[in-house]
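Protein chains in written order, with our numbering: chain A, 502 to 614; chain B, 56 to 171.
Since the hints were derived computationally from the structure, they do not count as laboratory data. Don't be surprised by glycine CBs; every beta carbon is placed ideally from N, CA and C. Hints are supplied without guarantee of correctness; some may be wrong.
Claimed, not checked - With the C-beta cut set under 7 Å, the calculated list includes, among others, these residues of chain A facing chain B:
| no. | residue |
| --- | --- |
| 1 | Gly543 |
| 2 | Leu544 |
| 3 | Ala579 |
| 4 | Ala601 |
| 5 | Leu602 |
| 6 | Phe604 |
| 7 | Lys606 |
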Amino acid sequence: SQQGEEDPQALSIQEGENATMNCSYKTSINNLQWYRQNSGRGLVHLILIRSNEREKHSGRLRVTLDTSKKSSSLLITASRAADTASYFCATGPGVARGTALIFGKGTTLSVSS
Amino acid sequence: GAVVSQHPSRVICKSGTSVKIECRSLDFQATTMFWYRQFPKQSLMLMATSNEGSKATYEQGVEKDKFLINHASLTLSTLTVTSAHPEDSSFYICSARKTGLDNEQFFGPGTRLTVL
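Could you put the whole structure together from the sequences, leaning on the hints where they help?
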């Protein structure tokens, strides 16, 4: 099953530009998380935002969450070639024990120098 | 931090053989672990939830007799792909849930399975 939908599916930008990716989800959540995955590699956890938070920052990353619209955005500022990767949002569907993170389809970001 | 390991990282096997993948939480106990599968250029799809000491819960469309899950201890879950076929070739990723405010999941580095 899949919860989130990211858009755009693919994004190509130049180094130094900002990259914005959006994620929409369907059901209520406890938190929403963003991950990065380089081609053929494992996941790297970027940031977690709880359902009672609206915005969170971590370095060049800024995440917003709008629970009324069931959407989140990830902004990467001053992008670098090393940011080239796939980015996934994942929702923690509730406080029930044992419930898994459900991933969106992902956005493939290409940053050219 | 919380570290999750997977072994092996890469495996190539012949069609019809069985392959076992181990997932270990190295510095915390995990009563719940999860197994995901990822096909090329696609997202992670949840296969099953593994609960220590009880039967795994499989997602719709995942064959429990083909993907055997054992969670015999608080730090180890195994996924056995039985009678593997080329269509089972995929990237398998496990995660372990750490009890806490956010019940965060920590992911293993993944196992690349290629069935010839």
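We went through each hint and held it up to the structure:
1. Gly543: 4 Å, holds
2. Leu544: 5 Å, holds
3. Ala579: With a closest approach of 27 Å, the Ala579/A hint is violated.
4. Ala601: Because about 5 Å separates Ala601/A from the closest Cβ in chain B, which is inside the 7 Å limit, the hint holds.
5. Leu602: 5 Å, holds
6. Phe604: 5 Å, holds
7. Lys606: Since the shortest Cβ distance to chain B is 5 Å, the answer is holds.
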